[in-house]
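Student: Chain residues, written in single-letter form:
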Amino acid sequence: MLKLSNVEVAYSNVIQVLHGVSLSVEDGSIVTLLGANGAGKSTTLKAISGLLRTEEGEVTDGSIDWNGKRIDNKSAEEIGKLGIIQALEGRRVFEHLNTEENLLVGAYNRSDRPAVRQDLAMVYQYFPRLKELRHNTAGYLSGGEQQMLVISRAIMASPKLLMLDEPSLGLAPMLVEEIYDIILRFNTEHKTSVLLVEQNVRVALGIAHYGYIMENGRVVLDGSADFLRNNEDVREFYIGLSATGTKKSYREVKHYKRRKRWL
Amino acid sequence: MAELIQFVTTGITVGMVYALIALGFVLIWKSSGVANLALGQLVLISSWFTYGMLVQVGLPVWLGFPLVILFAMGLGWITERFALRPLIGQPILSLITVTLGIAFFIQGAVSFIWPKSVAALPRLFPEEPIHIGTAVVSQEYFWAAVISLALFGALSLFFKYHKMGIAMRAVADDQMAVQACGIPVTKIFSQSWMFACVLAAVGGILMSSIGGITFGLVETGLKAFSVVILGGLDSFLGAIVAGPIIGLAENLGGGYLTPLTWPGIREVIPFIIIIIVMCIRPYGLFGERRIERI
Chain A
186 MLKLSNVEVA
196 YSNVIQVLHG
206 VSLSVEDGSI
216 VTLLGANGAG
226 KSTTLKAISG
236 LLRTEEGEVT
246 DGSIDWNGKR
256 IDNKSAEEIG
266 KLGIIQALEG
276 RRVFEHLNTE
286 ENLLVGAYNR
296 SDRPAVRQDL
306 AMVYQYFPRL
316 KELRHNTAGY
326 LSGGEQQMLV
336 ISRAIMASPK
346 LLMLDEPSLG
356 LAPMLVEEIY
366 DIILRFNTEH
376 KTSVLLVEQN
386 VRVALGIAHY
396 GYIMENGRVV
406 LDGSADFLRN
416 NEDVREFYIG
426 LSATGTKKSY
436 REVKHYKRRK
446 RWL
Chain B
1079 MAELIQFVTT
1089 GITVGMVYAL
1099 IALGFVLIWK
1109 SSGVANLALG
1119 QLVLISSWFT
1129 YGMLVQVGLP
1139 VWLGFPLVIL
1149 FAMGLGWITE
1159 RFALRPLIGQ
1169 PILSLITVTL
1179 GIAFFIQGAV
1189 SFIWPKSVAA
1199 LPRLFPEEPI
1209 HIGTAVVSQE
1219 YFWAAVISLA
1229 LFGALSLFFK
1239 YHKMGIAMRA
1249 VADDQMAVQA
1259 CGIPVTKIFS
1269 QSWMFACVLA
1279 AVGGILMSSI
1289 GGITFGLVET
1299 GLKAFSVVIL
1309 GGLDSFLGAI
1319 VAGPIIGLAE
1329 NLGGGYLTPL
1339 TWPGIREVIP
1349 FIIIIIVMCI
1359 RPYGLFGERR
1369 IERI
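For the protein sequence lines, the chains are A and B, in the order given.
Add 185 to the 1-based position in the first sequence for my numbering, that's all there is to it.
Add 1078 to the 1-based position in the second sequence for my numbering, that's all there is to it.
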């Protein structure tokens, strides 16, 4: 289980980005972290995975625990070896390597070759498109294929906690559905916890068990996916539905009428 | 005719050794984006160290060579660990400047420990030359080519199939994404420096078995630069193709032009090639053009 308590993060010792974020991810559950641009979602993921340091960021207060042990002072590779694997935002494939080599880099820390072979077959079964493209240079894959590859590469590390940063970014709705189906399938088949950062609130709450909403470096609302889906503020401000559940008409929009209650 | 064949064989074999040293440069460039300007000095110090082991200490070859390889690995490890790693995250120009500092440091250390300017290694290969048609090739040249080719073959297999090799290429594309996979990037950096120093040492031994140990070995490093620029900074294949081209140009040009022009023209030819290449193909013959998806 992953647990963040009052985590504060500052970049270059000056710019404070997170103001006391607390959240937890139960084993085997899908938890989503929602919010607008600049809310601190990606920073939260990087604080967990230890990648903050390469960007001159630092956890200045609070603690991050993984199964009861503090990990906020560990390096990215130590955290990776614990089984916490992050798929970065923006389809960062290794452009000059082919698809299969990309996947093998994901499995770098594993020494049991038969198991790696098995996972490779599993990933190809999840995304048959990747199997067709396994000898193609990753830089020339389409956006959707690259996103499949980035998720598959993280899966190849056999993670205990899979952290995905905006897997729906810039993809067609059909592809988003496909990728989300696979995330859900991987979670149910392997009982792997998933921490999912998204801006696409509707699809994220579609598969998540629990969700947190962030604004300005703080968690402003959290609850089960059902609770969030039915929360009037979430419907109004993140899903774009009016209180009655009909699609919002911009002709009748009255900005002064509703305010976010948490502000 | 015999003269031509002579120039061609010499050119190709010497070019292979340049290519070998250039591979070390490409390795570091690919994994960390640092241009290693201490290439020639690394060749120099490992040649002198070989001299120290084989002549001054008087060790047999079978014991001396593994020691040289160990020394080179240690040198690479120390350089990366203490000179470059503290600078990770700093602008790349600082890192390149540090390699220049290392170059001067090594040069100073060499003239401090071995004040002599010239020395010769004991004969490593049989004296009997090899006859190829009408040309005569001495064993040194022949073995230099063979060893370079064998090492190149082994390295390309390593980069294609070994997981460490694949990870090294991945680091070249995206350091942070490699870290996100839980791979220790710093270990990959130090490994690539160790590799590069071993290649420089082997190149140094081969060069000095041909021409003795002189300060000219530093120039070998400079010629390896021209190989890298001609072949493309990030291309192993480029290095192995461009090496013999530079070697050929140097020997043919030197052989035929010196009587017509002025002595020393052969030393200039590789650098003329660099300038022409930079004008026509700035990324080299086989350099990777950046993949841009639109």
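In case anyone wonders, no lab produced these hints; they're calculated from the structure.
Possibly wrong hints are sitting among the right ones.
As the list claims (entries may be wrong) - With a Cα cut of at most 25 Å, we get these calculated PhoX-like pairs of lysine-lysine:
| # | chain 1 | residue 1 | chain 2 | residue 2 |
| --- | --- | --- | --- | --- |
| 1 | B | LYS1241 | B | LYS1265 |
| 2 | B | LYS1194 | A | LYS266 |
| 3 | A | LYS254 | A | LYS376 |
| 4 | A | LYS266 | A | LYS376 |
| 5 | A | LYS345 | A | LYS266 |
| 6 | A | LYS259 | B | LYS1265 |
| 7 | A | LYS316 | B | LYS1265 |
| 8 | B | LYS1241 | A | LYS266 |
Computed from a predicted structure; not experimentally measured.
Student: Give a verdict on every hint.
Tutor: Each hint tested on the structure:
1. LYS1241/B <-> LYS1265/B: holds (13 Å)
2. LYS1194/B <-> LYS266/A: violated (51 Å)
3. LYS254/A <-> LYS376/A: Distance of about 21 Å is within 25 Å: holds.
4. LYS266/A <-> LYS376/A: holds (18 Å)
5. LYS345/A <-> LYS266/A: Holds, at about 10 Å.
6. LYS259/A <-> LYS1265/B: holds (16 Å)
7. LYS316/A <-> LYS1265/B: violated (31 Å)
8. LYS1241/B <-> LYS266/A: Distance of about 16 Å is within 25 Å: holds.
When each numbered hint is compared with the structure, violations occur for hints 2 and 7.
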